[in-house]
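Trainee: Protein chains in written order, with the UniProt record's numbering: chain A, 1 to 174; chain C, 1 to 256.
Think of the hints as simulated: they come from the structure by calculation, not from any bench. Heads up, a few of these hints could be off.
Unchecked claim - Derived SDA-like pairs: lysine to any residue, alpha-carbon spacing no greater than 25 angstroms straight-line:
| # | chain 1 | residue 1 | chain 2 | residue 2 |
| --- | --- | --- | --- | --- |
| 1 | C | K255 | A | E74 |
| 2 | A | K138 | C | E38 |
| 3 | A | K120 | C | W223 |
| 4 | A | K146 | C | E38 |
| 5 | A | K146 | C | F98 |
| 6 | A | K146 | C | K255 |
| 7 | A | K119 | C | C222 |
| 8 | A | K146 | C | E40 |
| 9 | C | K255 | A | K119 |
| 10 | C | K205 | A | E132 |
| 11 | C | K33 | A | D169 |
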Amino acid sequence: MVSTPPHSDAEDRQALLEHARAVLDQVCDPEIPVLTIRDIGILRDVAMDDDGTIEVVITPTYSGCPAMGMIAIEVELALAKAGIDAHRVSLRHSPPWTTDWISDDAREKLRAYGIAPPKKGSNSKRALFSDEVITCPKCGASDTEKISEFGSTACKALYRCRNCREPFDYFKCI
Amino acid sequence: MGELQKNTRFEHLLRLADTNLILGHRMSEWIGKSPILEEELALTNIGLDLIGQARALYEHAVAVSGEEDNRDADDLVFLRDAPEYKNLLLVERENGDFAHTMVRQMFYSAFAVPVWEALTRSVDSEVAGIAGRAEKESLYHLRHASEWILRMGDGTEESHQRVQDAVDALWMYTGEMFDMDEVETAAFEAGHGVDLTAVRSEWEKTVREVLTAATLDYPEDCWMLKGGRTGKHTEHLGHLLSDMQFLQRAYPGQKW
Ligand SMILES: [Zn+2]
Numbered sequence: 001m002v003s004t005p006p007h008s009d010a011e012d013r014q015a016l017l018e019h020a021r022a023v024l025d026q027v028c029d030p031e032i033p034v035l036t037i038r039d040i041g042i043l044r045d046v047a048m049d050d051d052g053t054i055e056v057v058i059t060p061t062y063s064g065c066p067a068m069g070m071i072a073i074e075v076e077l078a079l080a081k082a083g084i085d086a087h088r089v090s091l092r093h094s095p096p097w098t099t100d101w102i103s104d105d106a107r108e109k110l111r112a113y114g115i116a117p118p119k120k121g122s123n124s125k126r127a128l129f130s131d132e133v134i135t136c137p138k139c140g141a142s143d144t145e146k147i148s149e150f151g152s153t154a155c156k157a158l159y160r161c162r163n164c165r166e167p168f169d170y171f172k173c174i
Numbered sequence: 001m002g003e004l005q006k007n008t009r010f011e012h013l014l015r016l017a018d019t020n021l022i023l024g025h026r027m028s029e030w031i032g033k034s035p036i037l038e039e040e041l042a043l044t045n046i047g048l049d050l051i052g053q054a055r056a057l058y059e060h061a062v063a064v065s066g067e068e069d070n071r072d073a074d075d076l077v078f079l080r081d082a083p084e085y086k087n088l089l090l091v092e093r094e095n096g097d098f099a100h101t102m103v104r105q106m107f108y109s110a111f112a113v114p115v116w117e118a119l120t121r122s123v124d125s126e127v128a129g130i131a132g133r134a135e136k137e138s139l140y141h142l143r144h145a146s147e148w149i150l151r152m153g154d155g156t157e158e159s160h161q162r163v164q165d166a167v168d169a170l171w172m173y174t175g176e177m178f179d180m181d182e183v184e185t186a187a188f189e190a191g192h193g194v195d196l197t198a199v200r201s202e203w204e205k206t207v208r209e210v211l212t213a214a215t216l217d218y219p220e221d222c223w224m225l226k227g228g229r230t231g232k233h234t235e236h237l238g239h240l241l242s243d244m245q246f247l248q249r250a251y252p253g254q255k256w
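If we strip away everything but chain A, and leave its shape as in the complex, we get:
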């Protein structure tokens, strides 16, 4: 007798969870569309509870990031489109998000997109009057100046390159 091996419940669950993870890995940040929410570190956990509901945990980047509501909606939409209706999205603040969680690969994508990536591990700096050297993402020069500590979104500062004369965004460290 020929038959396909019966799928165990555990196998189904595992397949669904992997499917959900693959779907969520494609969700992009609404403000920096070259990065996925996985790249940035917003997507913290994808798990499944006992009754098969997919539990997604996301974490805010900057406290005032207005994109968080949008990101939660994009997560729900992506899962719904993939036919995964039983899901729950929750926000967790602990441990706190830091720019150190942005992968090297993602930093390169940021640079190519024209945003200077955040410096690594420099977020404990407490100097009141000092400037860090930020390299221009367009020409690579380090002769740049800060125009504004606060830029177009909560996560960015505004810089100008003295070499190629172009203004650019810098993804601030936190």
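Following the hints, put chain C with the ligand in place on chain A, whose structure we already have.
Mentor: Chain C with the ligand alone, transformed into the frame defined by chain A:
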């Protein structure tokens, strides 16, 4: 270390949330009126950070209070009257001129940085998480305000005078920040709060450093006004709330 009573824990979170919200709202009052475009971005971003920190704290406070209190974060913000607000008096002071706004910000951020830093060790992991990010954000706010104070203090005769006037006028509202009353003491002893006496020395050191660099006088000891944390406010808060709460008061339950 004893367990912190639920209502004390709620109260402690509310104080921190209210202070950040009210200062955040004050920043939003600068929208469209800032001296330059870059400053418009800075003030609104600082406001956004503060309101974001407040929101996380309100949501957590609601979760902590459980079913006994069925208000949500929006209810806490839009449906409480001034005596129910527990923010520091400093942050409800009107914006005044740009020097006043920057001095108020520097005074508060120099306090917020060590407070958040201490809260990263809170036994409440959600608060520790919120604090970890807020500490770094507050550092940016402190640096921004300090740079302006340096520029204005060490600038023209008029800018120097204006920033010194702001320092002198706001000084009497700073003492309240370090008051270890029953709620602060209970929260600290249970591992939820902060030793504000220790924060005071760090605050004084930072403020002295900024004022000295800006060629400004560090004020002498004076009488300090307090009451914000127990709901006794100046008339400025009522005016702020009437503006901030207008929509929900006029059209209850209205959604965007
Ligand atoms: Zn360049």
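Trainee: Output the indices of the hints that this structure fails to meet, ascending.
Mentor: Failing hints, ascending: 3, 6, 7 and 9.
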